[in-house]
Structure formats: structure tokens, C-alpha cells
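Just so you know, the protein sequences line up as chains A and B, in that order.
So the first sequence is numbered by the UniProt record's numbering: it starts at 1 and just counts up by one.
So the second sequence is numbered by the UniProt record's numbering: it starts at 1 and just counts up by one.
Among the clues, some could well be false.
Below, in silico cross-link-like pairs of lysine-lysine (DSSO-like), each with a Cα-Cα straight-line distance of 27 angstroms or less [said to hold, decoys possible]: (1) K138(B) to K152(B); (2) K152(B) to K113(B); (3) K111(B) to K410(A); (4) K152(B) to K170(B); (5) K111(B) to K49(B); (6) K186(B) to K152(B); (7) K138(B) to K49(B); (8) K152(B) to K388(A); (9) K170(B) to K47(A); (10) K170(B) to K111(B); (11) K47(A) to K111(B); (12) K149(B) to K170(B); (13) K234(B) to K263(B); (14) K186(B) to K49(B); (15) K113(B) to K388(A).
Calculated from the structure, these hints are not laboratory results.
Small disclaimer: the values here were computed from a predicted structure and weren't measured.
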Amino acid sequence: MTTLLVGPFNRVEGDLEIRLEVQDGAVSAAYTNSPLFRGFERMMLGKGPLDALTITPRICGICSISQSAAAALALADLAGVQPAPEGAKVAALLHMIENVSDHMAHFNLFFMPDYARAAYAGADWHQTVLERFTAGQGSALRRAIEARADLLHVVGMLGGKWPHTLAIQPGGVTRTPTARDLIRIGASLQAFRRYLEAQTFGGKLEDFIALGTVQQLEAWTTGDAGLFLRVAEATGTGAMGRGTGRYLSFGAYPLPEGRVFKGGTWDNGAEAPVDFAAIREDISHAWMLGEAAHPSAGATVPDEMMREGAYSWCKAPRLQGRTFETGALARQIVVGHPLARALAAEGGVRARVAGRLLELALTQIEMERLLRDIRPEARFMDQVILPKDGAGVGVVEAARGALGHWITVKDGAISGYQIIAPTTWNFSPRDAGGTAGPVEAALVGAPVAEGEDTPLSVQHIVRSFDPCMVCTVH
Amino acid sequence: MSQIETFYDVMRRQGITRRSFMKYCSLTAAALGLSPSFVPKIAHAMETKPRTPVIWVHGLECTCCSESFIRAAHPLAKDVVLSMISLDYDDTLMAAAGHAAEAALEETIQKYKGNYILAVEGNPPLNEDGMFCITGGKPFVEKLRHAAKDAKAIISWGACASYGCVQAAKPNPTQATPVHKVITDKPIIKVPGCPPIAEVMTGVITYMLTFDRLPELDRQGRPAMFYSQRIHDKCYRRPHFDAGQFVEAWDDEHARKGYCLYKMGCKGPTTYNACSTIRWNEGVSFPIQSGHGCIGCSEDGFWDQGSFYDRVTDLTQFGVEANADKIGLTAAGVVGAGVAAHAAVSALKAAQRKTQDKKEEA
Chain A
1 MTTLLVGPFN RVEGDLEIRL EVQDGAVSAA YTNSPLFRGF ERMMLGKGPL DALTITPRIC
61 GICSISQSAA AALALADLAG VQPAPEGAKV AALLHMIENV SDHMAHFNLF FMPDYARAAY
121 AGADWHQTVL ERFTAGQGSA LRRAIEARAD LLHVVGMLGG KWPHTLAIQP GGVTRTPTAR
181 DLIRIGASLQ AFRRYLEAQT FGGKLEDFIA LGTVQQLEAW TTGDAGLFLR VAEATGTGAM
241 GRGTGRYLSF GAYPLPEGRV FKGGTWDNGA EAPVDFAAIR EDISHAWMLG EAAHPSAGAT
301 VPDEMMREGA YSWCKAPRLQ GRTFETGALA RQIVVGHPLA RALAAEGGVR ARVAGRLLEL
361 ALTQIEMERL LRDIRPEARF MDQVILPKDG AGVGVVEAAR GALGHWITVK DGAISGYQII
421 APTTWNFSPR DAGGTAGPVE AALVGAPVAE GEDTPLSVQH IVRSFDPCMV CTVH
Chain B
1 MSQIETFYDV MRRQGITRRS FMKYCSLTAA ALGLSPSFVP KIAHAMETKP RTPVIWVHGL
61 ECTCCSESFI RAAHPLAKDV VLSMISLDYD DTLMAAAGHA AEAALEETIQ KYKGNYILAV
121 EGNPPLNEDG MFCITGGKPF VEKLRHAAKD AKAIISWGAC ASYGCVQAAK PNPTQATPVH
181 KVITDKPIIK VPGCPPIAEV MTGVITYMLT FDRLPELDRQ GRPAMFYSQR IHDKCYRRPH
241 FDAGQFVEAW DDEHARKGYC LYKMGCKGPT TYNACSTIRW NEGVSFPIQS GHGCIGCSED
301 GFWDQGSFYD RVTDLTQFGV EANADKIGLT AAGVVGAGVA AHAAVSALKA AQRKTQDKKE
361 EA
């Protein structure tokens, strides 16, 4: 058996290091280390509750709206109110745009460039991938960056700036869009649809979301989606990195009538609502002091001795004592989309990437629908008076999956703040029972060729989860 | 490599046309506040000067600066700058990974010794010997010192590298420390903001690449061309401030009319940045335009100044025009008296600033 230390990973957000044990040309065990700790939960203590709206989004420059939305919901919950309905719609639209931007950035900038590597030279698809996806140069990358910047105009307009938008508040949003704004946003959304249909899918979004089986998916040959499917098949990478078949979603985009994508869990075919009381953050293998706790009672005390046996700053969240995978695929499986359900059993690299593409198409359609629904004359923000003492929870779905903020307030100051980010679920270390985190488990069996020090298979699998390491530990 | 390519060579190789190139030169001149006569000079410099290599490293941060950067205003500007500096080393965007990436960093340092610009996003945490941010098995602070040793100059991107930002908020659990407190023997340009505006980032880097010198800096080490005026000075809601018209509550009638956000905690009067002129996301808006006050994210210590929704009153160090309540009252009463009061306040402000300047110089 040999041991490989893989890292730093590039083209992921933040820092990541993985220790691999390799036996007979395959990974036999993996240990993920999140080597970056900033201590956001500690710095929240003693601050005014509203500070959460400004500080927590700065955990991450990629999914700052997700953090902002979770913080706003936690404060609204603390005050026992619902945001103004039109405000909730604008907040949902802002959040959808960020998630869509993340999905397309992941596909184009972070994931696909791996297939442009020299190791794949000679394959009949390689030239096309080189032209489209060479890191920093490919034509698809350029188009994606441009389309994304255009789409983010909408966030600029509604939120003032992106990243680190301030507009989302517990009572709604600070910006009241005018009828003229809505028309401009509509134009931006139309332009984005044209980009998706011409470049990413090479066909109508409605046709892609109508796919219901793996066979139908495999028959999709157009656009970069088609290119990916062909390459995943040809390289055998699509089947790599199978998960455990347990998926979690907190439910995305709360509107007065319910969440646009409903939440729940899916355990190899069995559906259930999320039992929030059954979440525990285990710290047996994290450089943290204390005991496993529910986030409403948890603390973040770094073990400055970095004790033996522990190997990451990341805590290990578990639901009913078990690991769960979270992300776009999980979300659409929980919603019950036929294609996502068909991919649930496969659960590997292809399933995750296809899940993301599917959601890209679905969310574009939802954004268009939502925009038509916004009434500029209505109230967009209600006054919210926060109690001096109390507790609140805000759960949302970031691009990468389930995100929760748990806040406790005493005498008008924050006395407890715990955050569980999607990548905390996916990239968690082992728990007290020795059960590996979702990525650690998915890496077992990944092929390692002779002489590879940063195995390609491992990179494909890790990136298929779209890790956001800065959120993981925060 | 003995012959380093020129900027123009690189752009041509990236498929950028001559026409686009000239357009870029004019845009740059405009962004930097230079007269049109500078356009040929910029063009000439880009055609003849060897490309300046850039190493971009990430410490304790959230990648928001990179995110802002790749969304730079004019798609062309971003394209050009990206290809121009071609980020010889960038952990987030580059192709290589793992040991190959570390080797690429070393190679770039050796190849361009003394000649490259080091762009730093994020900052090093010094607590526990830097163990809170480890890349490539070593604390980030070591990587930073190593890369800084042979750099020509350093750019501190964003509030993290410049001042510490939110991760340095009390109690600063990791002892996150701004770059200039770790590297003391190199010229450092601070480009604060959380994140900085994309156009400001490309503007600064283009200026350095084109003119081969540092932009003029203010006392705090920020490029004067972007940080010499307060948000308040050029805010489109300023007339409402002067007229004493304020938003009193979220989404009230005054909010819909776009009145001044001072009473909602706007930090525009004490924040030096270009948000109200250049704006965000390709010039479409900025926080005040979205109905939320400025939080002052380009100022040192913005994260620990009490609530972001508290009014900035009785600030002595910068001298805000006055207490908004007072101005509001006078304006509502006798107009003449209001004007007089305002003039008096402005004189007071000037006096305060003089004292302040003296203090800073001392």
C-alpha cells in the first residue's frame, strides 16, 4: 500500500488536501482535509444580530447570496415573521441567479478543463475539448465568463453589487424594482437563455428537461452537454465516484406558497422530510474541542494543538447519524424529476454533472416564471423588530447544496451562531463511528495509474462535487 | 525563455483584433482619467514592452476578488487583461493541480526573478504558526514571504489583503494579518473593497503594466485615481442629503423616491471609493442605488465599527457634513438659515480635515 498526498487542488474554491491510500492500482481509503480556518462563528459572538447580514456573506465570494439569504431567514425566524411576499420573490430571483451562475461556472471553468489534459491526447474528442475548454483560454470558457457577467447585471440592478450583495433583509429586500427594471431583467434572462440553448445545450431547454431516462440522456449529443456525455462515456469517468445513494435537500427558494424546489431526504428510494432536530455535528476527527452537538447548541472551539487522529478543520455533520450527499443532483432527486431519479442509482461523476445541467435548465425556466409574477406596486419589505432574546434557523439551498444558519440571541447580542455549509456535508471527515464522509467514500475504488501523483480520476470525482472549501469550515 | 513576448503579441495570439486592441487602449485611457492623447502612448507601450508576469496567490479569503475581477466591466478589458497578465500562476483558475502547480509557482518565480508583480488575495493568519491556512503543506505566510522576496511590487487585492477584513473581526480567531504587516520591504499597492470594483482592479493592473510604474498612491497606499473621493461626494442621492430628505424606514415612501440613506446607516460620507462613479457589475448599479446604505467596505476596520445600520454621527476623524437631523430641520424651516448652517458646517469640515491631515502627517 502506498500513501499519496493530493493537494493543493486548483480550480476549486479555497484550499483542499486529500490523503489517499492506494492499493492494487486503486484508492482504498481517502481522508479529506480542509486546511483553511477563519472562525466566522466565533467572531459573530457578542455582535448585534443584524451584523450577520453583512459578515456571513463574506464567508464566500462565490455563494455570498446563499449565505445572505440564510442569515436573513434565520433573523426572520428569530423575529417570528415572514418576509414581504414580493420581497421573497426578489430574494428568490437573486438567489436563483447566483446558483445558476455557479453551476455554469463550475461546468465551464472548473470541471470540463480536466478533460483537456495531455493525458487524454489522441482521443477522437480531445481536439474539440482542447478548443472549448483549455483552462484560461478555451472558447467555451470565454463565452461562459461573458454570459455570466451579463446575467449578473440582474444582481447588480436588484442587489447593488455582486459579490457580497446587501439587499436581502429579514423583512424582504431593500430594492423595489420598477416596471422598467423588470423589462431590463427580462431582457437579461432572454439573453441568458439564448446562451444556454446555443452553447451549453445545443437545443431547447424544454427538450432537455423533458428527458426522463438515462438512455434518453445518452442520446443527447448537442452542445457542450452532449460533448460532456460523450467524453464521460469514452473515458469511463462517468461511472466513477459513486455515492451512497443518500441525498439531502433543505428545499430551495422560499416563496409564500412554498419552496420552488421542495426539501427532503432520499435514501435509496425512500423519501422523507428533513428531521432538523436529528442533525448533529460530530467533531471526533476535526481539530475542534467539545462534543458532538446540534447546531443550535454547538460551539466552534479550534483545537490549537491540532491533535493526532484528527485531520481537518471541518466538522462532520450527520443526519440521524448518517452521511448525506447534497447538491444539485440531490435537490432534483428529492423534487422527483424523472431524469434525476433515474440517475440516483448511478450516483457518480456523470450523474452529478448531469444533475447540475438539468437544474441549470430548470432554474432558467423558473426565473422567467418568477419574473412575470413580480408586482412592482406591492410592498417589498416589512419592518422587523428583533427580540432581545431568542433563537432562529434559516435554511436554504446554495448551488452546492443544503446550507443552514442557527442563531441564538441573548440581551440583544449574538450568543450562538452555527453554520453548516453544503461542502461541510460533502467533504466532512470521519465521524466517531469511523464512517467516512461522502467524498471520502466516493473516492474509494478510484483507479490510480502507475506513477500518478495527483490521480486524474480523483480530480474528476472531487470536482464533480463542486467543492467550496471556503464555506466548508468558515 | 530569452525573449519575453510583448502584451500585443499575447493579445494577437489570443485572437484579439487590432480594432479591439485600439478600443481597449481608449477605454483604458478613459478609465484612468487620461486625455485621448494618451491612447497612442498606451498602444505603443503595449506593442513594444515585454509582458509583465503576474503571480496571483490566495490566502485566508473568500475568492470574491477573483470573482469580481473575472467579471470586469468591458468584456474586452477583462479579456485583454486576463490574457495579458495570463496569470502565470493562479491557484483558482489555472490548469495544473497539486505538485505540478507548486512547481509552476517556483518556475515562474525563478524565470522572472525581480520582475514580476505579486497579486495577493486574502491574507495570512499568524496564530499557531500559521496553521489555519495551509497550502501545499506549508503555512500560507511562508508561501507569501517566498513569493514576495523576488517580486517587483505587490498588489494587495481587497479588504482582506489590505486591512484584514471580516476574518480579522474581533476576536480575530486566527490572527488574520494584512499583507503590509508581514512584507515590509516591497512597494505595496492597496486596492481595498470587499471586493474591489472590477474596473478598479483592471485599471490598476493596466496602469502598472502600461507605464511600468506604480500609480500615485494616497497616504494609506491606495491608488489616488480611484480612492481620492468619498462615495458621498459623487452619490446620486446627494441632493436629497443636502435638502434634508431622508429614508426613515425600509420601503417607506421616501425609499421609493430614492431619498438619502444616511439615517439607515449609510457609510458613504466616510468611505473613500469609486462605487458612486464607476458602479458595479458593469456599471449597472451600486449598493446605495439598490436601497441599502454603503457599509464602508473599503475602509480599514469597517467590520468592527458597531452595527452596519447605525448612523454615522459625531465622527470626529473625518468630519461628516453634520448631523443629518440638524440639516433636515433647518431645511424644513428657513431656507436661508439652512444654507448658512450648511456653509458653516462645510467650513468646520474643512478645518477638521486640515487638523486631521496634520495629524496623519505627523
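inquiry  = Checking one constraint from the list: CA of K152(B) to CA of K113(B), max 27 angstroms. Satisfied?
reply    = With Cα atoms ~8 angstroms apart, K152(B) and K113(B) stay inside 27 angstroms; holds.
ask   = Would the pair K186(B) and K152(B) pass a check requiring their Cα atoms to be no farther apart than 27 angstroms?
value = holds, 7 angstroms
ask   = Holds or violated: K138(B) with K49(B), Cα cutoff 27 angstroms?
value = Violated: K138(B) and K49(B) sit about 36 angstroms apart, past 27 angstroms.
query = Hey, K170(B) versus K111(B), does the alpha-carbon distance stay inside 27 angstroms?
reply = Status violated; Cα separation ~41 angstroms.
inquiry  = Hinted pair, alpha-carbon criterion (27 angstroms max): K170(B), K47(A). Please report holds or violated.
reply    = holds, 9 angstroms
query = Does the structure keep K152(B) and K170(B) at a Cα separation of 27 angstroms or less?
reply = Distance of about 34 angstroms is beyond 27 angstroms: violated.
inquiry  = With the threshold set at 27 angstroms, check whether the alpha-carbon distance from K47(A) to K111(B) stays at or below it.
reply    = Answer violated: K47(A) to K111(B) is near 48 angstroms, above 27 angstroms.
query = Given the hinted pair K138(B) and K152(B), is their alpha-carbon gap at most 27 angstroms?
reply = holds, 23 angstroms
key: Given pair status - K170(B), K149(B), alpha carbons within 27 angstroms   = Given pair K149(B), K170(B) is violated - Cα atoms ~31 angstroms apart, limit 27 angstroms.
query = Hey, K234(B) versus K263(B), does the alpha-carbon distance stay inside 27 angstroms?
reply = Since the Cα atoms of K234(B) and K263(B) sit roughly 18 angstroms apart, the hinted pair holds (cutoff 27 angstroms).
ask   = If you draw a straight line from the CA of K113(B) to the CA of K388(A), is it 27 angstroms or shorter?
value = violated, 58 angstroms
query = Keeping to a limit of 27 angstroms between CA atoms, is the pair of K111(B) and K49(B) held or broken?
reply = holds, 17 angstroms
The structure fails to meet hints 3, 4, 7, 8, 10, 11, 12, 15 from the earlier list, while all remaining hints are met.
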